[in-house]
Amino acid sequence: AIQMTQSPSSLSASVGDRVTITCRASQDIRNDLGWYQQKPGEAPKLLIYAVSNLQSGVPSRFSGSGSGTDFTLTISSLQPEDFATYFCLQDFNYPLTFGGGTKVEIK
Amino acid sequence: QLQLQESGPGLVKPSETLSLSCTVSGGSISSSSSYWGWIRQPPGKGLEWIGTIHYGGSTYYDPSLKSRVTMSVDTSKNQFSLKLTSVTAADTAVYYCTRRHRAGSGIYYIDYWGQGTLVTVSS
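Those sequence lines, one after another, are chains A and B.
Note that my numbering has the first sequence beginning at 75, numbered continuously upward.
Note that my numbering has the second sequence beginning at 13, numbered continuously upward.
No wet-lab data here; the hints were simulated from the structure.
Beta carbons are placed, not taken as given, at the ideal position from N, Cα and C, and that holds for glycine.
Check the hints yourself; a few may be wrong.
Derived lysine-lysine pairs resembling BS3-like cross-links, with alpha carbons at most 30 Å apart [what the hints assert, rightly or not]:
hint	chain 1	residue 1	chain 2	residue 2
1	A	Lys113	B	Lys95
2	B	Lys57	A	Lys119
3	A	Lys181	A	Lys113
Stretch by stretch, here's where chain A covers chain B in the computed footprint (C-beta under 8 Å, at least three residues) [what the hints assert, rightly or not]:
hint	segment
4	58-70
5	120-134
If you want a taste of the chain B side facing chain A, the calculated C-beta under 8 Å gives, among others [stated by the list, open to error]:
hint	residue
6	Asp74
7	Pro75
8	Tyr108
Start from the sequences, fold in the hints, and give me the full structure.
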């Protein structure tokens, strides 16, 4: 199975900060990577698919980049509603595998 | 707008079978571009993919669970189901049903999730 290594596991940031989260795949997954946001007690929500495609309704402050094995989620200006846990998911082949998650907390 | 809703017992005894259903509304489970699946999240932990099924019958399961998992589709009810046998406390988790969409150019992504249902394995 493809291993997804996500970092950092947690971070503290302030409203307005630029935040970057990374995921590294154990093998080339082309552009088959998505990013999800999860708030406590809720199901994950798709933010970005295929590395850099913004899901409908997601604010443009979220962006994704990368290819092959290294990928990045960027929040350009952190907003109060962005404090949550973020996961990457490789959709290149089965079994689908997730990164371990990054908890974004208020500084 | 597609909606998914899990249903099933919230408490299962060790060694017994966990059975969950997911009802799809706002769309057809027989869509050729939709792959239905299950993902779970143990309390306080990350997300674990369990498997995927297409209405045509093809299934894909996580190797670590493959010997205990069965998924099925009931097109007449617009539902799909999960059975996990011989459960232990390690199977305690929130279980989510999901839709994996096949977009153009071979792109896939999981875009719809149910609200999740907590299943506790305990005697």
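Going down the list of hints, with the structure as the test:
Between A:Lys113 and B:Lys95 the alpha-carbon distance is near 27 Å, which keeps this suggested pair within the 30 Å criterion. For a cut-off of 30 Å, the pair hint linking B:Lys57 to A:Lys119 stands: about 17 Å separates their Cα positions. At most 30 Å may separate the alpha-carbon atoms for a hinted pair to count; A:Lys181 and A:Lys113 meet this at roughly 17 Å. Remark: the segment 58-70 of chain B is confirmed as covered by chain A, as 5 of its residues place a Cβ nearer than 8 Å to a Cβ of that chain, reaching the required three.
Against chain A, the segment 120-134 of chain B contributes 8 residues with a C-beta closer than 8 Å to a partner C-beta. That satisfies the three-residue criterion, and the hint holds. Taking 8 Å as the C-beta cut-off, the interface hint given for B:Asp74 holds, the closest approach to chain A being about 5 Å. Of the supplied interface hints, the one on B:Pro75 holds, with its beta-carbon coming within about 6 Å of a beta-carbon of chain A, less than 8 Å. Interface hint status for B:Tyr108: upheld, as the beta-carbon distance to the closest one in chain A is roughly 6 Å, under 8 Å.
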